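S.K.: One letter stands for each residue in the lines below.
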Amino acid sequence: MAGSTAPSGSRVRRQLPTSPWLFAAPGFLVTGVFVLYPFLSTVVDAFTDRRTLIPGRFVGLANFRELLHDDMFWIGLRNSTLYVLGVVPALVVLPLLLALLVQKNIPGIAFFRSAFYTPVVASIVVVGLIWVWLLDERGLVNSLLETLGAGPVGFLSDQWLLLVSAMAVTVWKGLGYYMIIYLAALANVPRELHEAAAVDGAGAVRRFLTVTVPAVRSTMVLVAALSSVAAFKVFSEVYLMAGPSGGPAGEDTTLVMLVQRTGTGLTGRVGYASAISLVVFAVTVVLMLLVLRADRKDEA
Amino acid sequence: MRISRRILATAATAAVLLPLSACGSGSGDSSSSDSSGKVQGDISFQTWNLRANFKSYFEGLIADFEKKYPGTHVKWIDQPAEGYADKISADAAAGTLPDVVNVSPDLAAPLAKAGLALDLDKDKAAAKYKSEYLPGAWAGNEIPGLPGTYAFPWYLNTGPLFYNKALFKEAGLNADQPPKTYAALFTDALQIAHKTDGKVATLANVPTIEDFGRYGVELMNKQGTAFAFNDAKGVELLTKYKQLFDAKALDPQALTATPESSGQKFLTGAVAMNPGSALDLHNFKTQAPTLYKNIGITDQITNTGHVNMYVMGLLVNSRSKEKPAAVAFAHFITDAQNQMSFAKKVAIFPSTAGSLEDPYFTKEDGTDETRVRVAAAKSLKTAVNYTPVLFSDQMKTALRNEVAKALQGKESPKAALDNAVKACNQLLQQG
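Read top to bottom, the protein sequences are chains P and V.
Using the UniProt record's numbering, the first residue of the first sequence is number 1, and each one after it goes up by one.
Using the UniProt record's numbering, the first residue of the second sequence is number 1, and each one after it goes up by one.
Chain P extracted, bound-state conformation:
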């Protein structure tokens, strides 16, 4: 009976091309509606003068030409780039060191692992508010500094200190996330390599540089890629700490903040904001390619 119900070979061949498409259809649908369509819509809008409530007309490269003369765009590009340069090295190195600290199975270590991970799950709005209270001119940090005889530091009123403060918050919030990734990578580093290095007389630092780092190098590249894209697209930390205007005179505005400020609201310039979005997209793609290329070069 089994033989009679089994599909013939030719029927199987006829069904093969359809069934994969059917299985993939929900995925295609979701990707198409929520990823592809908005992306294509953004690409099209970038070449129009569309506003929130007013349909756009095709304006060619006018938005991109305007970008070149927009001081705010260059400020945004500068800040987003500085964010990558400031945040990525810290997020590649510090979580690795943290992972080494909590890697050991000693009593109570689970508490520290959870504690270090807490900022990751905390709401960014709450995190931002807490840090604003801490760094305010009359906040805890400045009170401590004043007790030590140092004057109040304008963490939230000085253009550069504000940006550095926001970077510190990003690093603080991201440490736990990347620490977990490194913990997984460290678990796969053969213990024999460490033992062999120790037998050869290598100290802790030497073993870290010659055994641990090469073993987790691909994870470091992954962390660099993920954190650089996230850093270039930073919004929440700076928005919460610098305010909607982007810090004093808007000098702390990042590119994504500029997209939000330009393209939203009833009078939003959707076309222009879309052009800025495309620049953000292009830069993040280039960043990814650069990191991956550096990785391939290292492997070669």
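By construction, these hints were calculated from the structure, which means they are not laboratory data.
Everything numeric in this text was worked out from a predicted model, so none of it was measured.
The beta carbon of each residue, even a glycine, is placed where N, CA and C say it ideally should be.
What you were told as hints is all true, and nothing was included just to trick you.
Now the stretches of chain P that chain V is said to cover, found in silico as 3 or more residues with beta-carbon under 8 Å: (1) 45-54; (2) 129-141; (3) 150-159; (4) 249-261; (5) 264-272.
Model the placement of chain V on the given structure of chain P, informed by the hints.
M.R.: Just chain V, lined up with the frame of chain P:
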């Protein structure tokens, strides 16, 4: 069934071209309308952060309307204050704008330009209600460059200036004689900063467009086609603010402050003066009792003799399927009786003709709340909404950024205001 390459290519092409379909014409219909048909059907009504405190009031009001007009049903939607304009713009763009929407004139302007707001002057049913409102309030929802009026006037608001008497005394000032003019304000602010070694600022916010208006600066040209706040008076105001900033009489964090953060600084005694409304008195009483004991209340400082007021309105969606019901409901909410009952629940002021003559707004009973209310109602008779209707959020940001550059000394006040006016005019022309 095979999926041919042709079908895939067609789908891909459609995906690329579909977004282009958004690029069409969409201007509103400006011909006269008549919403005087039968009041019936389901309508939606959106308020601006009112549910938390006035749920029962609005539910009662809606029940009264539904009883008055059998066959109607009102769905009440309330949106939080944060991101209100974004919510409206998302609804408007998606074609889901409620039938009746709570707006301020600057929010009504882009909706009117997009043809989404009913012109009340042209609508036969709505126009007949015009005489029920204060002329200035009705005119408050006119949009420069567009004929007509685009929202029913709802409540008006203005507020006094609060000051901390204890901080004034500490600085050697007479706490019973707060500054009444800008000149006195600047002198007192510099003295407070000097006496407290810069620890107490008098003001916590950079000057906004309303401040320029109150200082006596002509905000726009006579035709209302271009901004003009970079005149000599505007430069003078910004120069004075720069002196305050340098002396720490203006809070160092003013460049990034929001009304909430500056209110917080006033509560903690870091700032000596802050604008507010009668509602704030309750907050002071519960959140800062020490401050409440020392609270001083004075009029808004103005060089023009006219204080600033905020105007709220109810816009009727021009594409509403139940326009007669929407117009009737917007009028019902804003009629003299209902505005008066709302005013008695909260510190706002009705925009209907004659309402401000009610003893509730003219007679004091000795309490601070009444004193603030009576004084505010009196000042409202000549108050001005200094925020130009066409002054968008993007323009506010441009002005704020240029003001910050001037205060930091990166630009002269004149250059900063010239740049701000240029940027605002550019945005104005882009429509």
